[in-house]
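Protein chains: 2
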Amino acid sequence: MTIEVDYRFPPGVDPYKQAKIIAVGQTVGTWDARFAHREKALRSHLGEVLSVRTDPQTGCSIATVCFPEANVENDISSLLVMIFGKYSMAGAAKIVAVRLPQNYGLRPKLGIAGIRERLGVYDRPLIMAIFKPALGLSATDHAAILAEVADAGLDIIKDDEILGDLDIAPTLQRLDACREVIERVKQKTGRTLLYAINLTGRADTLLEKARLLVRQGANALLLNVLCYGFSVLEALVADAEIQVPIFAHPAFAGAICAASDHGMAYSVILGTLMAHGGADAVLYPAHYGSLPFDASEEGRIRNILRERNVFPVPSAGIHPGIVPKALADYGQQVILNAGTGIMEHPDGAAAGVTAFFEALERATKGESFALEALPPGPLRRAVEKWGS
Amino acid sequence: MTIEVDYRFPPGVDPYKQAKIIAVGQTVGTWDARFAHREKALRSHLGEVLSVRTDPQTGCSIATVCFPEANVENDISSLLVMIFGKYSMAGAAKIVAVRLPQNYGLRPKLGIAGIRERLGVYDRPLIMAIFKPALGLSATDHAAILAEVADAGLDIIKDDEILGDLDIAPTLQRLDACREVIERVKQKTGRTLLYAINLTGRADTLLEKARLLVRQGANALLLNVLCYGFSVLEALVADAEIQVPIFAHPAFAGAICAASDHGMAYSVILGTLMAHGGADAVLYPAHYGSLPFDASEEGRIRNILRERNVFPVPSAGIHPGIVPKALADYGQQVILNAGTGIMEHPDGAAAGVTAFFEALERATKGESFALEALPPGPLRRAVEKWGS
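Protein chains in written order, with this note's numbering: chain F, 254 to 641; chain B, 254 to 641.
Just so you know, these hints were derived from the structure itself, not from any lab.
Among these hints, one or two may not hold up.
Claimed, not checked - Calculated Cβ distances over 12 Å to all of chain B for the following chain F residues:
#	residue
1	Tyr269
2	Lys293
3	Thr311
4	Arg377
5	Pro386
6	Leu425
7	Glu487
8	Gly516
9	Arg559
10	Ala581
11	Tyr583
12	Glu614
13	Pro629
Said to hold, decoys possible - Capping the alpha-carbon separation at 30 Å, the derived lysine-lysine pairs in DSSO-like fashion look like this:
#	chain 1	residue 1	chain 2	residue 2
14	F	Lys362	B	Lys462
15	B	Lys273	B	Lys362
16	B	Lys578	F	Lys462
17	F	Lys638	B	Lys273
18	B	Lys385	F	Lys293
19	F	Lys273	B	Lys385
20	B	Lys385	B	Lys362
21	F	Lys293	B	Lys638
22	B	Lys618	B	Lys578
23	F	Lys270	F	Lys293
24	B	Lys638	F	Lys273
25	B	Lys618	F	Lys462
Every residue, glycine too, gets a C-beta built ideally from N, C-alpha and C.
Chain F extracted, bound-state conformation (with noise of 0.2 Å):
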C-alpha cells in the first residue's frame, strides 16, 4: 500500500522539479555506484510523482506524490517527518490532502458510537459546554459550574484548553469535585455526563497522570493533540488502561494550517491525521462562529472524521441561535461546542444548556428562529444576546 500527499505549489514556482525533489529528497536520497548490490532495496523506497495538474485560473500546482508504507511507522509522527519533514523548509509549498491506507495508524475506541453509547444519547447533537473563566477558578468553582449545567441536562463539559494542572485548581482536585457532581447526577436521573478534563505535562508524566485519572473516575479527556504531540495521542489510545473518550483540541493548528501557501491544510491535521491518530472526537472551528475558518474546509473535515467513526466537534462562536442551520448543515452526528454560548446566557449557564435543547427542538419542528416568533424564555433570552 501507498500513501498518497497532495502538494499544493503557488505560481512561479516549478511543480514537476519540486514534485521529483520530495519524492526523492524525502525518501532515499540519491545514490551512487557504491550501492548498486542495494539498487532494489533502495529504488522499493522511492516516493513517485503520481501527477501534476496546474490549474489555469489561479496559476497554483498540485502535484500527487506517493510513499511507501514501508517508509513509515504506521503512525502519524513519522509520516510528518517523511512527508514534510525537511522539504517543509525549502519555499512555498503547502500539504492540502493526504490519502492514506484504511489500516493506516489507529481508529478510535469508541468514537461516535462508543460516546453515543456512554450516554445512552442516539437521536440528535451532542450538547458540550466548557468552563469559563478559563483559568483562576478553584475546583470547588468548577464543580459548582457544573452543577448549574448537569441539572439542565447538558450532555458534556470540557475544560478549557488552556487550563492545565495549575496550583489554584490542581486536575486531580478539579475531577475529585466533579465526579462527585457526575455521580450526583447518575443516581438521580441515570444520565451520565461527560467531563473531558486536560491532559498536561511531560509526555512520561501526562501518561501516568492519564492513567491515574481514569482509575480516580475521569469519564473523558481532554489534549491539546498539536501542542503535545500525536505521540502522545496514540500512546493514549494504544493504553488498555485508558477505555474512556479521548477529545482532541485543535490548539496552535492555525500555525500550521492558516496560511495559504505553507504548512497542511487543516482538513489534514484536523480531519486525516486526527482521525488515524485514533482521537475519539476533534473539535475545530464552525465556519459560521467566531474564528474565520472556510466552509468547505470544514466540510472537509466532517466528512474524513465521520468515515472513521470520530465525533466532529464544531467550536468557537457557537450559540442556541445557530441551532437551524447547524442541523441543517452538520446533521445529526455532530456535538455542538459552546463556551460563552453556555456560560454567558443572560440568565446563567443552566438557562444556556436549556436554551439550546430548545432550539433543537425548536428546529426539529422547523419553526421559525424570529425574534417575535419565540416564546420568552431561555432560547429567546439567547436569541436576543447573540442573534440567529
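For chain F, the structure is supplied; the task is to place chain B on it using the hints.
Positioned in the frame of chain F, the structure of chain B alone reads:
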C-alpha cells in the same frame, strides 16, 4: 516572573485590538458579577499588553503581551497552548519573539560543554556526518559507512531524520552494528565518536526505546522534536537513565515558521523553545546551504542556543568549501553537519571527512581556498565539486 511574547501583525490589522484579545482570550477570558468573589484570583491570571509599535515603513505592527508564569506548567507544550493555541486560528499574526524567565523549562544535561567533554575536543568546530542514502540500507551497511568516516576522524554521525525503526534496518540492529565500530575506534585511538540514533515511535514506546538504546550503549540520540512533541523531548531530558546528548532535528519547522504572517519565527521554535526544552544540540538550516534561510534569523538561533549552552548545528548543504565562511560567521562553538557534503565526496566518505579537517586547518591559518592555491587531495577535490 512573566513571559513576554511579540506578535507581529501585517498592515490592515488593528494591533491594539488584537493584542487585547490575546491578553484576555488566551488567559482568563471574560467574567461577570457571578465571579466577583474570585475577582482577585482571576485578575492575577490575566495577560497584559505591554506595548504596541507600528513600523511606518512596512505598516507591520508588533505588540508585546506578557503572561503570568502561573498560567503554565514550566514546559513548552502548555506555553504553546497559552501564547498561540486558539489565537493561531484567529487571523494573520506571527509570533516573532518569546522571552522566558531564565529558569523556565529545562537546560541541556550536556550541551556544548558536555558534548565537548565526551569527545575531548575543545578547540575547533565539531564535524558531523549523516548516513546516506537516507533509508534502504541494512544495519551492516551503516556499520561499513561508519567505519570509513570513523577512521578519518569524524566526531559525530547521525541517522537521516526520516530513518525510523524499519524492518530493513531496525534501530537496535543499527546501534549494535555501529557500536562495534565505535568501540574499535575508541580502543585503537582513544577517540570517542558519537552516533545520534533516531528515536521514533509512540510516546510510550519511544521513551522505553530510548532507555533500552542507552542501556545497549547508544551515546547520543536524535529526535524530530516538532513531529513527536516537545513533551517527548522534555520527558527524555528529565529521564535520569538518559545521560547522553539529545540532538533536536528541525523537521517540520517550515510548516510552522516559513509563512510571513502566520505561525512562529524559526528563532522562536528552533532557538528559544528548543533551548528551554532541554535539547543539547539543535540542527537548523545554514543560510548558505541548500535551503532558503535568512542570515539574521540564523544568527538569532545561534545566539539563543549558545546562551543556554546548547550546541548550534548549522546544516543542509554544508560542504568543505564553506568552512572559511563558517568559521568567520559562526566561530568555534558550532557543529558543522554535512550529509552529501561528506558522503558524496568524489573519493568517498572518508575523503569527505578528511576534506573538512583540511579545510579547518587551512582556514585557521588564513590560507586561500582558491582552486589554484589548493594542493591535490580531498579538500581540492571537494572544492572542485562543490566550490568554495
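Flag every earlier hint the structure violates by its number, smallest first. 2, 5, 7, 8, 15, 16 and 25
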